[in-house]
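Place chain B on chain A using the hints.
Keeping their order, the protein sequence lines are chains A and B.
With the numbering used here, letter number 37 in the first sequence gets 1213, and the count goes up by one each step, no holes.
With the numbering used here, letter number 153 in the second sequence gets 1329, and the count goes up by one each step, no holes.
Since the hints were derived computationally from the structure, they do not count as laboratory data.
Don't take every hint at face value.
Since the list gives no way to pick out one identical chain from another, each pair is judged satisfied if it fits inside one copy or across any two copies.
With a cut-off of at most 30 Å between alpha-carbon atoms, the simulated BS3-like pairs for lysine-lysine come out as follows [what the hints assert, rightly or not]:
#1 K1365 with K1375
#2 K1345 with K1384
#3 K1389 with K1305
#4 K1375 with K1303
#5 K1302 with K1375
#6 K1303 with K1249
#7 K1472 with K1238
2 protein chains.
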Amino acid sequence: MRIYFTFEPRPDLRDPLVAEFPHVDFIFETGLSIDELQRADVLVTYGEDLNNENMNYATNLKWIFVASAGIEKMPAQAIMERNILVSNVRGIHKTPMAESMLAHILAIKRALPWIYEQQKKSEWSKKAKQSELRDSTALILGLGAIGSEVGRLLQAFGVTTIGCNRSGKEAAYMDNMVCFDQLMEALPKADIVISVLPKTDETTHLLKLEHFKVMKSNAIFMNFGRGNLVEEDTLNQAIQAGEFGYAVLDVFEQEPLAADHPLWSLPNVIVSPHISSHSSRYVERSLEIFKPSLEKWLRGEKDLDNVMDLSRGY
Amino acid sequence: MRIYFTFEPRPDLRDPLVAEFPHVDFIFETGLSIDELQRADVLVTYGEDLNNENMNYATNLKWIFVASAGIEKMPAQAIMERNILVSNVRGIHKTPMAESMLAHILAIKRALPWIYEQQKKSEWSKKAKQSELRDSTALILGLGAIGSEVGRLLQAFGVTTIGCNRSGKEAAYMDNMVCFDQLMEALPKADIVISVLPKTDETTHLLKLEHFKVMKSNAIFMNFGRGNLVEEDTLNQAIQAGEFGYAVLDVFEQEPLAADHPLWSLPNVIVSPHISSHSSRYVERSLEIFKPSLEKWLRGEKDLDNVMDLSRGY
Chain A
1177 MRIYFTFEPR
1187 PDLRDPLVAE
1197 FPHVDFIFET
1207 GLSIDELQRA
1217 DVLVTYGEDL
1227 NNENMNYATN
1237 LKWIFVASAG
1247 IEKMPAQAIM
1257 ERNILVSNVR
1267 GIHKTPMAES
1277 MLAHILAIKR
1287 ALPWIYEQQK
1297 KSEWSKKAKQ
1307 SELRDSTALI
1317 LGLGAIGSEV
1327 GRLLQAFGVT
1337 TIGCNRSGKE
1347 AAYMDNMVCF
1357 DQLMEALPKA
1367 DIVISVLPKT
1377 DETTHLLKLE
1387 HFKVMKSNAI
1397 FMNFGRGNLV
1407 EEDTLNQAIQ
1417 AGEFGYAVLD
1427 VFEQEPLAAD
1437 HPLWSLPNVI
1447 VSPHISSHSS
1457 RYVERSLEIF
1467 KPSLEKWLRG
1477 EKDLDNVMDL
1487 SRGY
Chain B
1177 MRIYFTFEPR
1187 PDLRDPLVAE
1197 FPHVDFIFET
1207 GLSIDELQRA
1217 DVLVTYGEDL
1227 NNENMNYATN
1237 LKWIFVASAG
1247 IEKMPAQAIM
1257 ERNILVSNVR
1267 GIHKTPMAES
1277 MLAHILAIKR
1287 ALPWIYEQQK
1297 KSEWSKKAKQ
1307 SELRDSTALI
1317 LGLGAIGSEV
1327 GRLLQAFGVT
1337 TIGCNRSGKE
1347 AAYMDNMVCF
1357 DQLMEALPKA
1367 DIVISVLPKT
1377 DETTHLLKLE
1387 HFKVMKSNAI
1397 FMNFGRGNLV
1407 EEDTLNQAIQ
1417 AGEFGYAVLD
1427 VFEQEPLAAD
1437 HPLWSLPNVI
1447 VSPHISSHSS
1457 RYVERSLEIF
1467 KPSLEKWLRG
1477 EKDLDNVMDL
1487 SRGY
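With the rest of the complex left out, here is chain A (with noise of 0.2 Å):
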C-alpha cells in the first residue's frame, strides 16, 4: 500500500505517523507528480492540486483525504467517475476559526486598535470607545461544526446565539433558530451577525442590500464561511451608508482582495486575508483525524470520518 502525501509534514509529525503503520509506504513530496499519483493507492493533499487532466493518472487511486474543509478547487466529476472515496478533515477549522472571530470581536469591542495606535504615539489616553460583549445578540449564519463552536463560546461570555440554515432545525449551542426564509425578521435583532456558510448555490448573493438595511446601526458583520455570500458591492456600498457599524471580512468575492480595493482602506472594515483557520497545529490535527481512518482502511473498512458527498459540494 502507497500513501501519497503532496505535502511534508515535520518530522515530530511524520516520523510517529511513519513507524505506526509499518506496512504501509509513505511518499512525502512538496507537490504533486504524475508519477507518484500514477502509484498511489491512497493520496493525501490539500486538495489544490487536482484537476481534471492529472485525475487521469489515478488509475491506482481508492481514496483521497484531503487536508482541508473546502473542496470547490476539487475536480469533482473526474473523481467520482473513478469511484474513489474521498474524506477530508471537517472540523479542522473549528478551533483556529472561533478563536479568531471571538478575538475580532472582542477586539473592537474592547477598543484594541485603538489602545494599539495610542501605543505607537506614546500616549496615555483613557478615551477609550469600549463597550462589552456580554447581553449582546448574534446571529449565526451556518451551523456546522465552525458555527457551533462560535455559538458555544459566545454562550460562555452572556451572548444570546440565533441560529440561521436552511431548515431552521435545532442545534447546538444556538437559543433560538430560524430558517434563511427568516432573515429578514432576524436581522434587526442581531449585534453581531456571522456567516461560516458554505458555497453554494442557495449561498450566493444570499445577502442583500435589503438585508444590511435592516441590521442596527452599530451591528458587527463577520464574514468567515465564502466570498459568494454577498456581492462587494452591495458590501462595499451598505458599510459606506452605514447601514451597520463594522464588518470583520476573512472572505471575499475575488481572492486576493484587490491591491485598490476601497474595503483595505475603510476605517470601519477588518480586512483579514482569508487566513483565520490557519495555526501552527493545523498539519497535528490532520493527522489526528487521518489516523483511525487509515486504521479502518487498512481493515477494508469504507466508513470513514467525514466522507463527502462531492455530488452536493460538501
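Positioned in the frame of chain A, the structure of chain B alone reads:
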C-alpha cells in the same frame, strides 16, 4: 435623607432612580463641594475626591457608596474615625476586565496586530504567525470576582487554569491551586500568567527577576491588577532579555506611564492605559448594585452588599 452624588449619571439612568425613591433628596454634582458634603447623609462617589481635609466637614455622613473597586486613595483613617460605613461595587469590573483580557490574549494568538498592519499596506499576505489558545495553561494570581471570571472564560476555551493566592485554598474555575510560596514551581507550566492582585504590602514587588526567568520563553505575562506587583525596571529588563514572550500591561508602578518610558516602544509589549475596566455600562451597573443597598439602608439595615474593611485595604 440627602444622598449626594459627586458625579452625574445620564438622565436615562438618573431619572428612574429618583422616581424609585421619592422620599430621598438626591443631589447630583460633577465634583465635590464642601457645602453639600456637610449636608449629606449618604455619599455616592468614585472615591478619588475624598481626603483627610474634606472629611472634617462630613459631619452628617453615615454611608459612603464607592462606585469603584479600589480604595487605595481614600482617607481610610479619617473615615474609620467617623464610623462611616463604606461599601463598593465589588465585582462590577469582572465583565469588562475579563473581556479585555480575553481580547488581548486572543488578539496575540490570532495575530490581530499583524493583520491590522498588513491592512494598512493593502497587502494580502497569509504569513501570519498564528497559534491557538486551546490546550494552553494559564496561571492566575488573585482569585476574587475578576480572577474567577477570567478563569471561567479561559476554561471555556479549553485552557487549564492554575489559581494562585495567599492560602492556596480552592477557588472557582481553577483546575489547580497553588499558594504564593509555590510560584517558582507553577510559573514554568504557564503559557499565560495573569495578575489581578490588589495592592497590599504582600503583593508589592511579589514578582522578581527570578520569577520571569523561569517563565516559558513564549509566555504572555499580563498585569491587570496593580502596578506595585513588579518593579518596572525588573519587568523592562526581563522582557528585553527575552525571559518571556509578551507583556500586556494595564497597570504601572507610575501612572500615567511617562511618555519616554521604554515600555511604550517594545514590539512585544502592549500598553493599555489602565482602561480594561472601563465600559459604557459602568454607571448602569453601579446603580444596579446601589439600589438594593439603598432599600436596605432606608429600612435601617446595615448589612449592605460589599461592605469594605478599610483597615485591611479591600
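Is it within a copy, between copies, both, or neither that the alpha carbon of K1302 lies no farther than 30 Å from that of K1375?
between (43 Å within a copy, 21 Å between copies)
Is it within, between, both or neither when you check K1375 against K1303 at 30 Å Cα-Cα?
between (42 Å within a copy, 25 Å between copies)
When Cα atoms must be at most 30 Å apart, do K1303 and K1249 count as within-copy, between-copy, both, or neither?
between (47 Å within a copy, 22 Å between copies)
Please sort K1365 with K1375 into within, between, both or neither, judging by C-alpha distance up to 30 Å.
Within one copy, since 25 Å is at most 30 Å while 42 Å is not.
Quick one: K1345 to K1384, C-alpha cut-off 30 Å, is that within a copy, between copies, both, or neither?
within (23 Å within a copy, 56 Å between copies)
Up to 30 Å between alpha-carbons, please classify K1389 paired with K1305: within, between, both or neither.
The answer is within: 24 Å in one copy meets 30 Å, while 36 Å across copies does not.
Treating 30 Å as the Cα threshold, decide for K1472 and K1238: within, between, both or neither.
within (14 Å within a copy, 75 Å between copies)
Of the numbered hints listed earlier, not one is contradicted by the structure.
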